[in-house]
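Chemist: If you read the protein sequences in the order shown, they are chains A and B.
Using the working numbering, you'd call the opening residue of the first sequence number 1 and step up by one each time.
Using the working numbering, you'd call the opening residue of the second sequence number 1001 and step up by one each time.
By construction, these hints were calculated from the structure, which means they are not laboratory data.
One thing to keep in mind: the hints can contain errors.
Residues of chain A placed beyond 12 Å of chain B at every Cβ, according to the derived structure [stated by the list, open to error]:
(1) L62
(2) F131
(3) S156
(4) A222
(5) Y316
(6) L327
(7) G362
Interface residues of chain A toward chain B, partial, derived using beta-carbon atoms under 8 Å [unchecked claim]:
(8) R110
(9) P115
(10) L179
(11) L225
(12) L232
We put the beta carbon where it would ideally sit given N, CA and C, even for glycine.
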Amino acid sequence: MSSKTVEPVSETPVNYLNASFGLRSWLLTIDHKRIALLYLVTITLFFFVGGVFALLIRLELLTPRGDLFTAETYNKLFTMHGLIMIFFFLIPAVPAVLGNFLVPLMIGARDLAFPRINLLSYYIYAVGGTFTMYSVVAGGVDTGWTFYTPYSSTYSNTHVTAMVIGIFITGFSSILTGLNFIVTIHKMRAPGLTWFRLPLFLWSIYATSIIMILGTPSVAMALALVAMERLLHIGIFDPRLGGDPLLFQHLFWFYSHPAVYIMILPGMGIVSEIVPCFSRKRIFGYSFVAFSSLAIAVLGFLVWGHHMFVAGQSIYAGIIFSALSFLVAIPSAVKVFNWTATLYKGSVSFATPMLYALGFIGLFTIGGLTGLVLATLGLDIHVHDTYFVIAHFHYIMVGGMVMAYLGGIHFWWPKITGRLYPDSWGRLAAAIIFIGFNLTFFPQFIVGYLGMPRRYHVYPPEFQVLNVFSTAGASILGVGYLLPLLYLFWSLKYGAKSPANPWDATGLEWMAPSPPPTQNFPVTPLVAWEAYEYEKREVPVA
Amino acid sequence: MPEPTHALAEQFDDLEQQRQASTIGMWVFLATEVIFFGALITGYTEYRASYYQAWAAASKHLSVVFGAIMTILLLSSSFTMAMAVHFARLGGRKRLALCLLLTILLGAVFVGMKFMEWHDHYQRHEVPGMGFEFPGPNAREAQLFFSFYFAMTGFHALHMIVGIGILAVLTGLALLGRLAPPRHVPVDIAGLYWHFVDIVWIFLFPLLYLVDLHHK
Ligand SMILES: [Cu+2]
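Chain A on its own, in the form it takes in the complex (with noise of 0.2 Å):
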């Protein structure tokens, strides 16, 4: 900031940012932009109170003993970190801020199908989170973020009820969104703009869309019969009055294993956007990238019974879904082998959006890979309930993810805010992230694989040089989620104005202005083009 200029009287555009003021024309807004500044402030708000929640869990794990915690409170921890992080960020994260913000601009309309019914599923979230936030301030839940019965319906005293209702609750959010924008890619294309000139981000938000009406109303009836039987005593999932506690994990991972895919496949979307655009080349084979997106969809559905392998489920019902699970893995790895290929022969940059998106290839492969290793039936008996499965889903949901998020926000910052971020801090800090993530999560498949297991607050002396690393790591990464709030929130006063394109990137979101106007196109554009023609643009769209 070496020349701070005064702002100039220049006129500036209206644009969805200025054209009204005033907490109301916040809070009451029905602009699709609006709306996803909305969830991006609550939403980071989670992030960071789940992260401290990982803090002090990494603290405890610095030494064997179980030296600042009570194993009660410990359960605590755990169980709030995974419930804020996986309900209130990981599953809104992209498609609620990055979805709401892209989905019209991407495709030539001026809004979601029905933006009202946008804003309601903001302040059912909001609901919901205010439900969970209690239940965090009264004592906290001891259960694990899966709620199994009968613990979670019988023995658990801790306030189960309030926290099962924000779930639930939170869950209808994520269905209008999905309803909003499955309907929204079907009937508000810009004219021209056909489903194989979609943006690959796109694909699998629709993708993701299918996950979130079709599995979050298994979830929720799973967790409102645990309500019920707390509230009445009654026995629907306790064994010592006929009920059958499998019943519950069959409802709850027929939603929540497909959950990990309402996780990762709007990352994978994003990837498929700032790969191309940072190789300057079309994404290659781009049908079977769209297509794997879906299959993800469909097969994601077929392998819950993954998570029972132990827990008593039949053999074949085993079997069968190990196998389902492989399968899984053939569009995961299509899609890598894609981007892979597009990078070949490409001219790549590494602007922070592409350290990010490098980032995500080279975990998500890491953190497929060792996911074969859990579905196989045999292994899976070895390392089911240690560190080895932390690790492998730290590395789909945080090196995946949560790199592919803030990749997606570097990249579309630009035309979010109109303003441009300081790129060496941005690199910087994805370099911090990417090097705190492993030095964390890394170990952990060593010391899971040695059979340290996951939820106690104590662990055998001989695993203590390989948690120190992970506490460590944690620290890094804490610092490199940290730098990204300082620099961004910067740059919202500071940063240098942003051009319509700064990355001359293909897609029509870069055709709006910088930051877009509220109707986002004066005129609905029409489109004659395939999506990302990087090879063809010599001139820059203006």
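Given chain A, put chain B with the ligand in place with the hints provided.
Modeler: Below, chain B with the ligand alone, put in the same frame as chain A:
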């Protein structure tokens, strides 16, 4: 929700696009509902298969005649709803309002009968968790049956009440003449929802009332 002054909301290009979007939206929502009730029916199926004897005995505590009358009421309401959709398209204001009112009436009687039935169960100590009593050795499994009975009919009745609320609003709008074509689409959409809730009952009636009916 304020009724837009113009028939066309500003995010749409034309009325046909708006109509199709609303219709697809409701169908997608109904897909969600299928899974919502499907999860309950999954649990029902597991326990019915595990505890068939007890569930057959518990099911005999429900009145088939009562349930059959409710089914007929609901089917009739589907007919009047279909007529409402028909008149909405033709633009018959009074006939539309009349059909909507009839639908509301039939639905309300259904819900009323449901509440009477629940009240009977309460008096006979058949409400799980509230001093549940059941003759014979299968009280535990019978209580499970009644848990599902209350959950399934309860969620269904909740949907009925929401539906009645929606139809009441539409009746008001119809009388004000604000559902004249091309603004009749809300009636179409509400019709989809109403028929769906009926269909759920078509499943619930045999599942709950007719377990082992052939063994008297
Ligand atoms: Cu899974």
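Chemist: Need the list of violated hint numbers for this structure, in ascending order.
Modeler: 4
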